[in-house]
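Colleague: The listed protein sequences derive, respectively, from chains A and B.
The opening residue of the first sequence carries number 1 in the numbering used here; numbering runs sequentially from there.
The opening residue of the second sequence carries number 1001 in the numbering used here; numbering runs sequentially from there.
Hints may be right or wrong, so weigh each one.
As the list claims (entries may be wrong) - Facing chain B, according to a computed beta carbon distance under 8 Å, are these residues of chain A, among others:
(1) 13
(2) 29
(3) 56
(4) 60
(5) 70
(6) 71
(7) 74
(8) 79
(9) 80
(10) 104
(11) 107
(12) 109
(13) 138
(14) 152
(15) 243
(16) 247
Claimed, not checked - Mimicking DSS-like on lysine-lysine, the simulated pairs with C-alpha atoms at most 27 Å apart in a straight line are:
(17) 93/A - 115/A
(18) 210/A - 115/A
(19) 93/A - 1187/B
(20) 210/A - 179/A
(21) 93/A - 106/A
(22) 1187/B - 180/A
To be clear, the hints were calculated from the coordinates, so they are not data collected in a lab.
Note that the coordinates shown come from a computational prediction; the quantities given were computed from them, not determined experimentally.
Think of the CB as a built atom: it goes at the ideal place given N, C-alpha and C, for glycine as much as any other residue.
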Amino acid sequence: MAEVEISQLHKTYPGGGRPATRDVSLTVADGEFMVLLGPSGCGKTTLLRMIAGLELPDRGSVRIGGRDVTYRAPRERNLSMVFQSYAVFPHKKVADNIGFGLAMRKADRAVIQDKIAWAAGLLQLEDYLDRYPSQLSGGQRQRVAVARAIVMEPDVLLMDEPLSNLDALLRLQFRAELKKLLTDLGTTCVYVTHDQVEALSLGERVAVMKDGEIVQCGPPMEVYDSPASEFIGGFIGSPPMNFLDATLRRDGGEAVIEVAGQRSAAPGSWAAFAEGPVRIGVRAETITAHRAERSGALRAVTEVAEPLGSTTLVTAVLGEQRIKVQVPPDFPVGAGDDLWLDLRADRLSCYERDTGRVLVSDR
Amino acid sequence: MTEAASRPARARRPPVPYLLLIPSALFMLALFGWPLIQGVLASVQTPGGGYGWENVRRMTAEPHFWPAVRNTALLIVIVIPLQFALAIAMALLLRERPRLSGLYFYVWAVPLAISDLAAGLVWLAIFADQGYLNSALAGLGLSESGYEWLSYEHPGTMLAAVVVAELWRATSLVFIILVGGLSVIPKEYDEAAQVFGATLWQRVRHVTLPLLRPSIQVALILRTILAFQTFAVAQALAGRNFPLLIGETYEWYVNLQNPYAASAVAMIILGVSMFTATVYLRALRQPDVIRGAR
Ligand SMILES: Nc1ncnc2c1ncn2[C@@H]1O[C@H](COP(=O)(O)OP(=O)(O)OP(=O)(O)O)[C@@H](O)[C@H]1O
Ligand SMILES: [Mg+2]
């Protein structure tokens, strides 16, 4: 168990024009579960490979447990990894694959057998121990890769999309199992995913990456509720956060926002911001919709209503902008109906119109 | 309906794949099959016109025969393991993509393009009594008159010279096959081994070599069959002082004008080559379940 501290890691692949990671710094506390989240090609795997020692950075450093390992060989780092491509050895049976790391360490044969049985039980692989990887499905191979990594009792566990090939049900089940397991083991874990639901549900902290940079890092609910940029708000959450062009005004000391000629209350702290055009970020589920007119609510026209089972997702037109609103499933609404939308002032985020960066007040 | 209508038409059409195979089949038959049959017949034909073991008796009675068998076997047993160790090391080095790796590849592959006899003559220039090696030794003051490396009085150095020349000449074939085999193994397997704590030796032993097995098998079969046919290098370096089996066929056919005994020796080589290839194929067979998993 150890803390992972990476600072200013910069990497450009030979022949690659853009850097794969740009001066990334991140500290993962001892025993913490850190999720790296980001769209395809943003440098998640590259970052993980540099932590593992499979790729050398152009500059920057990696410290594990206080020891500088930037240029150390992978085997001197006491970590284990689940590869995005599994990398399960095709010439070894499942049991030998799981026990590979222990066998390389020349662990006791009985200990290896115990560990294999334990991991196989956990990942429901007992029936396949005698098979070769080519006789397994993709999801089963992925579970072998996970089993091979957890038997090692490493200081740091690196996982590159370890659940991507499981069906929805199995993934849900393993997500919970994995979280429990890693909490029990207390292993420091860096977990890569591009699935935002997985990131929010697993991580103690989530680091969102874009174009080789970490654009926000914080507890899942913080990232979800107060995305640091429009990109993050649009990437995390289903449906993604609504962004509305609005104007920020001060009305006798109180901040108000003006959307499509209508006014709505803004958080008190926004009075510190300059008046002018901004973007307002608002989550679909924080909006309360009413069928009757209300003061302070914004009038919109329903375009389409999609029942999703536990909720209904309404797309409404506000002035000329579209906004998604989550309403209870029994809410009576249909296309063309008028809606009055109550934006809860305390759940709004405010972004600069040009840069998409969040505005924060000191208060 | 259409099925039934089209079937007779298809039956009448000449089967294209077989037609396309005919030229090469004829070619093989004429240039390979016929001489093979002739060779087999000649090896059991007596000069008088009958059939019998006469040729075999003459062949084994020849004083150079058993030394030739011994030398051929010795050469195979010494050269092939060394060659594979070298070729594997070279291929693994190249996989690490050192600077100038493209250049190394070509330099190491060059001997492949040089004919056996030319290679033999090159090494003769080195090992001859007035050759480069002795000149170098004299230049360094290590030896006054040089050493007769290839003299029949020094069978040890003679063998060593042939081994060195053969290593130089034929290792590149193994090397090229292994480089090809290595290049299609995804590098994640080796990376996984590194992450899971394997040392360099463990990575080679437990991951790379097993995955390379199909290529090793091909190289081993090719190399061994070719090793049974080693001739020109030894002929250039030591002549009849270092007889080899193929040299014996040449001797019988050209100098002793006896095509029958020459065929008998050739049959021995054919038999032993086929036997070894079969042994390799069986010993290195890999279950299908492993191969499918890439
Ligand atoms: N070996 C390589 N050589 C050159 N460029 C590479 C190499 N590996 C990755 N890249 C580039 O570096 C960038 C980051 O790649 P990386 O694999 O880290 O993305 P990722 O975030 O893991 O994406 P995904 O979610 O699709 O796995 C990409 O633009 C990719 O094209
Ligand atoms: Mg990746």
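Colleague: Hint by hint, note whether the structure agrees.
Modeller: Verification of the supplied hints:
With a cut of 8 Å, the hint placing residue 13/A at the interface with chain B is violated, because the nearest CB-to-CB distance is about 13 Å. For residue 29/A, the shortest C-beta to C-beta distance to chain B is roughly 22 Å, which exceeds 8 Å, and the interface hint is violated. Of the supplied interface hints, the one on residue 56/A is violated, with its beta-carbon coming no nearer than about 13 Å to a beta-carbon of chain B, more than 8 Å. Hint status for residue 60/A relative to chain B: violated, with the closest Cβ pair at about 20 Å, above 8 Å.
The restraint placing residue 70/A at the interface with chain B is violated, with a minimum CB-CB distance near 16 Å, outside the 8 Å limit. Interface restraint check: residue 71/A against chain B, minimum CB-CB distance 14 Å, threshold 8 Å, status violated. With a cut of 8 Å, the hint placing residue 74/A at the interface with chain B holds, because the nearest CB-to-CB distance is about 4 Å. Given hint, residue 79/A at the interface with chain B, holds; its Cβ is 7 Å from that chain's nearest Cβ, closer than 8 Å.
Given the 8 Å rule on beta carbons, the hint for residue 80/A holds: about 6 Å separates it from the nearest Cβ of chain B. Using the Cβ-Cβ criterion of 8 Å, the hint placing residue 104/A at the interface with chain B is satisfied: the shortest such distance is roughly 5 Å. Hint status for residue 107/A: violated, given a least beta-carbon distance of 10 Å to chain B, over 8 Å. A distance limit of 8 Å between C-beta atoms decides the matter here; for residue 109/A the minimum to chain B is near 16 Å, and the interface restraint is violated.
Taken as an interface hint, residue 138/A does not check out: its beta carbon lies about 12 Å from the nearest beta carbon of chain B, beyond 8 Å. With 8 Å as the threshold, the beta carbon of residue 152/A comes within range of chain B, its nearest partner Cβ sitting at about 7 Å, so the hint holds. The beta carbon of residue 243/A comes no nearer than 40 Å to any beta carbon in chain B, farther than 8 Å, and the hint placing it at the interface is violated. Below 8 Å, beta-carbon pairs count as interface contacts, and residue 247/A has none with chain B, the closest being about 53 Å; its hint is therefore violated.
Among the hinted pairs, residue 93/A with residue 115/A is consistent with the structure: their alpha-carbon atoms are about 15 Å apart, no more than 27 Å. For a cut-off of 27 Å, the pair hint linking residue 210/A to residue 115/A is broken: about 38 Å separates their Cα positions. Between residue 93/A and residue 1187/B, the direct Cα distance comes to roughly 19 Å. Compliance with the 27 Å bound is thereby established for this hinted pair. Between residue 210/A and residue 179/A the CA atoms are separated by roughly 25 Å; this keeps the pair inside 27 Å, and the hint holds.
At most 27 Å may separate the alpha-carbon atoms for a hinted pair to count; residue 93/A and residue 106/A meet this at roughly 18 Å. Between residue 1187/B and residue 180/A the CA atoms are separated by roughly 32 Å; this puts the pair beyond 27 Å, and the hint is violated.
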